[in-house]
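Can you build the whole structure from these sequences, using the hints too?
Keeping their order, the protein sequence lines are chains A and B.
Number 121 in this note's numbering belongs to position 62 of the first sequence; there are no gaps in the numbering.
Number 205 in this note's numbering belongs to position 180 of the second sequence; there are no gaps in the numbering.
Just so you know, the hints here were simulated from the structure itself, not pulled from any lab data.
Careful: at least some of the hints might be erroneous.
With beta-carbon atoms standing in for the labels, derived distance ranges [stated by the list, open to error]: (1) B:V115 x A:P65: 51 to 59 Å; (2) B:A58 x A:P65: 50 to 58 Å; (3) A:P65 x B:E60: 52 to 60 Å; (4) A:V69 x B:G42: 31 to 39 Å; (5) B:P91 x A:V85: 51 to 59 Å.
Capping the alpha-carbon separation at 30 Å, the derived lysine-lysine pairs in DSSO-like fashion look like this [unchecked claim]: (6) A:K111 x A:K124; (7) A:K119 x B:K179; (8) A:K119 x B:K162; (9) B:K179 x A:K96; (10) A:K96 x A:K119; (11) A:K96 x B:K162.
For every residue, glycine included, the Cβ atom is placed at its ideal position computed from N, Cα and C.
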Amino acid sequence: MTEVAPRPDVELCPGGPMLLRGDHVVVDDEGVRHATKRPVSAVCRCGKSASKPWCDGTHKVLPPKLRP
Amino acid sequence: MTDLPKPRGPLSVAVLGALRDLPTAPVPRIEEAPESDDDAALTLWVLHELSYGGFDGVDEAAESEPELVRVRGMLERRLEADLRSRWPGVPDVDLASGFFDWVAGHDGPSIARHVQTSATREQVLDLMRMRSVYHLKEADPTMWVIPRLPVSAKAALVELQYDEYGAGDPSRLHSHLFAQGMAASGLRPERGVYVDEAPFEVLDQNNALSMFGLQGRLRGAAVGHLAAFEATSSMPSRRMAQGLERLGFPEELIGYYTEHVEADAVHEQVALRDVCVALVREEPALEPDVWFGAWACLDLEVRAARRILGAWGAAA
Ligand code: FES
Ligand SMILES: [Fe+2]
Ligand SMILES: [Fe+2]
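Set out below in structure tokens:
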């Protein structure tokens with residue numbers, strides 16, 4: 060039987076978002092509160108998403124140096 | 026449940042005839058060979074559909090009729106052989122760290138870009154009819170893969186699929202969101218009603234996905250396809266939503282695409298990291314098939330996009 064680690068609640072994706080599991084309220088940099096809407100949410104870490112605070116995949120078109 | 030589509034050649038004539046005659050007449054030996062890609066793709070699409078919702082007036086036992094299963098296997102081998110012969114092979118890329126850039130480097134025409142800036146209302150309706158072949162069974166083909174996966178990849182895929190199915194809320198189920206968007210746009214939301222309009226390039230997108238799901242040995246390709254599909258969705262979905270807004274399409278249809286901007290930014294991470302990479306960790310011999318499935322997803326979309334944009338006279 061293979062060893063299996065329990066699932067993390069927070070997962071930092073190299074070059075991309077932070078995955079957040081479960082229900083949370085995220086306060087953005089302007090103080091606005093956003094409740095998570097899905098079982099797993101992706102929080103933008105690159106600052107360039109058009110759907111902040113959620114990731115919308117924009118990090119993938121940034122030059123690697125500007126990715127989180 | 027839906028009506029059988031129109032045949033496209035001698036093989037589909039024979040198979041559709043056999044389906045109509047069940048259960049009164051037994052399925053005869055089907056000797057016909059596919060006459061064209063359209064004949065092959067339509068026949069395979071119909072045979073796969075027997076494992077989803079089936080067709081009005083067709084005996085549900087047709088799904089396991091040995092002669093039809095044999096024809097399905099023959100057509101799946103033809104499709105897989107065609108894909109494998111065109112596949113350039115495993116790229117020199119690290120799966121975990123290089124996959125997204127590899128996907129981004131796969132060139133091809135973008136239907137979403139055309140919709141965003143210049144498609145007409147008629148073109149979008151045309152596109153929705155073709156996309157409905159997949160979107161009305163969105164996520165379903167991937168369910169077949171779950172029992173074939175080792176424990177970590179299995180749990181992660183279920184987590185992803187749970188979101189595709191609305192996290193238990195039927196009104197949030199993705200294929201249902203698309204059906205509502207179609208109905209609000211004046212289109213028929215029942216599965217399969219527009220199949221007659223779909224060229225083989227569109228049917229083969231569906232056929233490859235069903236084949237990867239139905240055949241356990243192709244589980245690597247199934248999850249690779251999933252990762253590539255999710256990784257090419259967020260930004261195109263944003264463009265689609267903007268184009269639909271520009272053309273005044275109803276909120277329900279726009280909502281299907283805006284949902285995918287955020288959902289697939291999550292799904293692409295889970296699909297790559299927690300499903301594909303986790304599977305390859307347990308079963309390293311499957312890595313080539315993960316790449317093969319991912320490539321097939323991108324390649325089939327390029328072919329479908331060329332065909333669709335070409336038919337509109339739009340630059341591909
Ligand atoms: S991290 Fe994905 S858009 Fe910012
Ligand atoms: Fe979806
Ligand atoms: Fe998705």
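| said: For a quick check of understanding: which of the numbered hints are violated here, in increasing order? | reply: 1, 4
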